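Chain residues, written in single-letter form:
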Amino acid sequence: MRITTVRILVQIVVFSLFIAFCVLTTFRFVDEHHGQFWISKFLEIDPLVGIATAISTGTVYKGLAWGLVLLIPTLLLGRIFCNWICPYGILHQFIGWVFNTRTAKDRIDSNRYRGIFAFKYCILIAMFVALLGQMSLAVLISGAAVGLVCGVAALAIVMTTKSKQTARNLLIGVAVIGIIATCLGARQLHKGDWNGTLQIGLLDPICLLHRSFTAAVLPALNMPTAVQQGVPGVFSGLGDNKQHIGAWLIGTMLLALVAANLFIPRFFCRVLCPLGAFLGTISRFALWRIERDPHKCTDCDLCLTSCEGASDPQTQLRKSECFVCFNCIEDCPHDALSFKFVAPKAHEVAGPDIRLRSGVLAAVTGFLFYPLARAAGKTTKDFSASNLIRPPGSCEEFEFLERCIKCDQCIRVCPTNVLQPYHFDLQNLEALWTPVMNFRMGYCQLHCTACGEVCPTGAIQRIGVEQKLGLGAYRDVGPVVLGTAHYDLGRCLPWSMKRPCVVCEEVCPTSPKAIYTERMEFLERDGKKVVRSATANTVTVGELPRPGEFEPEPAVFRANQFRGDGTTTYCLEVIHKSGVRETHDIKRNDADTLEIDGQFDQLPQPGEFAVVKYEWKVPKIDTNYCIGCGLCEQECPVVGDRRAVYVTAEGESRSAREPSRERNRGLNLNKLVEAGGTRRDALFSLTGLIATAEPKPKSSSGCCGGGSKSSGCGCSSKAPTAKSKSAAEPPTIDLRSFLNNRNYG
Amino acid sequence: MSHDHSAEQTSPPGVSRREMMLRVGGTLAAVGGSVWAAKHLYDPNGDAGLPVHEKETLKNYFAPLFDGWSPSDPRVSVARGAAVGEEIPRETIQKMITAALGPMGGMSRFIAKGDTVLVKPNVAFDRGPRMGATTNPDVVAEVIRMCFAAGAKRVLVADNPIEKAEPCFAKSKIREAAERAGAEVFLPANTSFAPVAIRDRDPDPTRNEALGTWEVFYKPLRLADKVIGVPPIKDHNLCFASMSIKNWYGLLCGRRNQFHQAIHDIVSDLGMMMSPTLVLVDATRVLMKNGPTGGKLEDVAVGGVDGRPCIVASVDPLASDAWCLQHLLGRDPANLRYLSLAEQKIGQRIDARKRAGPAAEGRVVADGKRFASRDWQAYERQGLIKEQSV
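Protein sequences, first through last, are from chains A and B. Positions 1 to 745 (this note's numbering) are the ones given, in order, by the first sequence. Positions 1 to 390 (this note's numbering) are the ones given, in order, by the second sequence.
It should be emphasised that the hints constitute simulated quantities derived from the structure, not laboratory data. Possibly wrong hints are sitting among the right ones.
[Stated by the list, open to error] Mimicking DMTMM-like on lysine to aspartate or glutamate, the simulated pairs with C-alpha atoms at most 20 Å apart in a straight line are:
no. : chain 1 : residue 1 : chain 2 : residue 2
1   : A       : Lys613    : A       : Glu521
2   : A       : Lys296    : A       : Asp335
3   : A       : Lys587    : B       : Asp332
4   : A       : Lys498    : A       : Asp488
5   : A       : Lys528    : A       : Glu595
6   : A       : Lys498    : B       : Asp204
Fair warning: this is a prediction, and the values are worked out from it, not measured in the lab.
My request is simple: use the sequences and hints to build the entire structure.
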């Protein structure tokens, strides 16, 4: 079998695997194969991810050590990754092949090396330098020391080398190694005192491709009704019908980069790819390479016909550009090309073709990117104003930005669509396409930690359900709090629009519920009347007389307007001349007479006030228990502009330990017990794995709201009624549920 | 180019008659086609002129049994197991269901050979089975098994939870139980929804009506010949109790979060909308408080106030709800507004059918072949409630 056939087979297998893993990275798969996320393997073998996060964080997170494995074939064979393994490269090659319209001669010309192909090295340098961030003096000094040692070594080599090009390449190589060594070393010495910005994910091919599939391609493919209908028993759609903010931009970027193949073959791989640049820099040391035999070569240039990397095999091979696709060997009619072990250096251009000044310019750009991006203030001074609610288990924002590579696997795996790629925000360019929660799109599923399971870099930590909910060993730490729900009372139906509702309370998933209901009393519109006459259990009322009038006009009610139902109780408050008030439920009414349940204590006299009120449940929030899951916001029926209940980042646990004033969004609220600093032990015994003790009865501030009425809420007169409910119930009276069920005797 | 040049040289000057006719004919055909298409597509009304499609309606799944249901046949049948602690063994559940169905003639009375059966559990929340917020998966599995044993060809399990369906079905273990028992699980998808006429006119809120035409999880209902509701008994903060009628909430789609503004109207409409073949109430774990989500073991009591696990089989969902509310949650059904509203609405429907006579046969909105009485004491006096222990 020809080597290129083997390569094509490998490419088909790898690409199919990538697609299959993409599609399978869904909640169902997560649930059934706990901890098995093969799509992560593509990111883990990507050494750029490993090294860049190692520079930004000083550690290599779990599976990222696999990146070392890829360095071995690169050091032996060159950039074999680019044309054999990289799914994005495979996609570009395939598209270039399918849509090729060039004549043979045009193809040869299109595959000649061009100066612009060195641009990817500038991108790589800029991205690496941006990782340095705000270096402290200590870091600068230690960096300078390492740099000095490297520089002396480089100088020594340069002095002994004749070739000017080799000398320059060596200098650059030493500089790169120096920077990396400085970062790693300094980071170890001074943990936590500097932050860089990790932007490789913007262009790293694996991140880019996975993000495009997650946010744009798979949801778009799942849109047509035909796909959603599927074939019964065979295929039932591509999973959830997800939508993503900015999907069009991510999709257009993919389309544009793919379409660029029509103008420059392998445009992305040759011009933009930072991973390619990284592997190209290393592959200069590769032991094997394509070698041309000048005696056999007739300079026909046919080897360029399908050269993927534009690596000039017809003359001195540019080792850093060669994708090791073997097409040139196949295309050569004279057998002048071969893949040779330790070929002579004189016949190659070993290092990247980057000019020193472009390199410096790139470094300066990268160095400035960090302060320019962060000076916009969204992650610093103005951080409190940004509602960046990160997935459960996320690091504090600075550390999150040091780790997140924008691969958006978490967004793919999220079962509810709450995770969204962050949009294009002028004030927060750094966070572009990182995951944030949008509670109008979804909510955070209580028993789910899938996003942390898939995260390859630890931006979202691998927390289990126990840790997320503060159970078991995490009881003292408490649950992971994403934020806190707030009410917009002007939009809330029972608070201000005279509609019963409390959907938020019903769906609130914590136990005890963070959102609870309280029966509140409201004045009926035009409910203030004046008594005209009364019997023991009825009262006939009239309108309040206007100034100068003495005889009140009869009131005009609809019949049984105030009868109430299971959710609403109407009551009548009579204010006696003596100042004594009494309140009774209204049984029925006609046009101007109200009949009460029971009898008046004192017979109302003409001229005394009678006030019609209604009473029902309104939602309130107990910040003790709110974890900011957003289910209330998701289910709130007031959807026109913003929901009546919404979650913001207040009280989030991830920044609770951040000392800086602007950066700390942890709010004590009531989330901690007053003294001792440990959480209430009643929180979140949700899974049933752990049976907990009955919570200490909350000291309620009383249901009467200050005792403005004497009998209406019934908290004293009906208190004994709660006991008939359940034999299994503990003897403590649960005040809240008692109040909610006051209709049952 | 060279080809065109040679063609020009060899063809005679001008065009042939054949070519002229083809070109003129083609133009005329295009013009004619456009006129024809415009005539047929012409729409003076815009959106208002769209034809009103025939709306779907729901079957009365109890109708085939109604005529053969003698006045002395029990309408509610209760089977209690022994109080053995929190875990209820599968054999006990099986015995309870068999015993509950016994006085009614067993599962084979309800399921004919070759039937497609929809089993509707309550999978509303992302909760484990022990939390009592969802139907006991063992009960679901046992019901499915008995359906197959009675000759059912296909058993479907469907619910549209409030939270995301897939995690709810997974966490409640209902998907696993149902699939292991051989049933097909239907998760809600856009393609399985359809607008259904729940009443043949717009609802009148002043008469406590809430649903006119609403988006319904229709596909499983269309496929099914028989429907068995398998609801748990739960406390519910707003409507006081979630039982068999409230269980049909999971068959609706669309903006259900508006329902709470008229919860009793909605729930009673649900009771009117669905006429199930059978209701099998799962009172193994009863959610006594903090409902409908629960979340703590203390919220759950085996068998409710009675303390013994129990299965209630019923062909009258209203009577079953009233009985369960009294005996399992220990609350007075007289105060439960949606029950009285539902009784009133179904009563109107039965009356409408009586008035219309045979002409209304098969017209679902007027199909009154069903039982609806919340007066469980009256049933007990008439001996229509059977109770037994296993």
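Hints and how they fare:
For the proposed pair Lys613(A) and Glu521(A), the alpha carbon gap of about 7 Å is at most 20 Å, so the pair holds. Restraint check for Lys296(A) and Asp335(A): the C-alpha separation of about 7 Å stays at or below 20 Å, so the hint holds. Proposed proximity of Lys587(A) and Asp332(B) is supported: the alpha carbons are some 19 Å apart, at most 20 Å. With a CA separation close to 15 Å, the supplied pair Lys498(A) and Asp488(A) stays within the 20 Å bound.
Proximity of Lys528(A) to Glu595(A) is assessed by CA-CA distance (about 16 Å); at most 20 Å being required, the pair is judged to hold. This hinted pair checks out: Lys498(A) and Asp204(B) have alpha carbons roughly 19 Å apart, not beyond 20 Å.
In the structure shown, no violation is registered for any of the earlier numbered hints.
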